[in-house]
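Protein chains in written order, with my numbering: chain A, 7 to 125; chain B, 69 to 374.
These are computed hints drawn from the structure, not numbers from a lab. Virtual Cβ for every residue (Gly too), placed ideally from N, Cα, C. Check each hint, because a few of them may be wrong.
What the hints assert, rightly or not - If you want the footprint, here are the derived chain A segments under chain B, 3+ residues with CB under 8 Å: (1) 35-45; (2) 113-119.
To be verified - Which stretches of chain B does chain A cover? Using the computed rule of at least three CB atoms under 8 Å from a CB of chain A, they are: (3) 276-283; (4) 346-360.
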Amino acid sequence: MKRIIFVFFLIIVAGPARLEAHAFLKDAIPSVGSTVQTSPNEVRIRFTENVEPAFSSIQVFNASGKEVDKRDVRLDRTDHALLRVSLPSLEAGIYKVVWRVVSVDTHVTSGNFTFQVAR
Amino acid sequence: MKFLSLLFWLICAAYEFGVINRAYGHGFAGARFFPATLSTDDPFVADEFSLPTVSSIVTPDDGGTRDTEVSSDIALRITPKWDIEFGETFITLNPSRGRAVNGFDNLSVGSKYEFFENDEHEAVLSVGLDVDVGGTGSNQVGADSFSTWTPAVFFGKGLGDLPQGLSLVRPVAITGLVGVGLPSSASTDGSPNPAVLRLGFAFEYSLIYLQEQVRDIGLRAPFDRMIPLVEVSLSDPLDRGQSGLVTGTVNPGVIWSGKYFQVGAEAVIPINSRTGNDVGFIAQLHFYLDDLFPHSLGRPLFGGNK
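Go ahead and model the full structure; you've got the sequences and the hints to work with.
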């Protein structure tokens, strides 16, 4: 039993270099709950893990629930934990960002947040 | 023992290199992540492993006895919504007078089924049955000679669906359980064994949720992965002359959740002198098997897709 426990701990300590986990939101631009003075060109969300672009999405909705993003969600070329979607010029108001991602080990996570465009 | 080691590795190898399936083992309901709570069982069906959980408190037995417990629990999913659970505890009783004794408590075997989940409202309901198998522990530390069957209903609810105007309340979540412990024997050596109502609640404020879903207030590691919480655990005997002799604790503490494991620590405050005489503690190291072994121990045995 001691051997099993020892090996289990060894895997945990040595294993993470090849393991992935649930992808949580690490940071976003515009940042979660923030107010920006001008319309951003895109929403960028960086996750704690690399994500699968084919099964991952970001949608941006205005206050009346209409999707306003350009529906061109893409993974950053160099950072596979960074997902981006382009935006048109946004009017002043509150916008809701809804994301759903699949990390490379197939775990699914989702979330949403708002940001405000001041003018 | 060699056979057990071999079996362990065969299971790991067979699954780890097997077919990739999409599965969800953590405590998620929509955007809400619920940590595994220390003192009360949470409502989620999951692949998880706690080793160790250490607790210590002075109980009123024999004029004051320090009860120190080291336990381990493992839960493995059979299907995405159904798991089995095993737990064992090593107890050391150190009375104020006399010599200390130690030994294992009865083996705990359980199962849980999650029958309701609403992602939009971050809500989950499950039912479970736990059996403390009588006679498997040491009578030196008071392990019962009879079994106790505890059916229970578990719930979890995040407040993320509150209006934006209440944004700072949205990181709050509540989990809990209501169960009844039913002894297989009415009395032991003349002492009654009552049925016991068991209540447990955990009130959580997730800084993870605050940062990710509500407002980035600039928290950095390790604070951005912390979940302060207060757990309440109550036992209320229902019959056999014991009714009303409530015992319980209120446990304020914090859980830090990382990629592959979480650590938590709580103070254990007795609600009355029947429960204990001073403030104790509980601490736990808890592993997420679904992230550590996503293709083996960390996925359901059957029906990998949710």
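For each hint, the structure was consulted:
1. 35-45: holds (count 4)
2. 113-119: With 7 residues close enough to chain B, the hint holds.
3. 276-283: With 6 residues close enough to chain A, the hint holds.
4. 346-360: holds (count 5)
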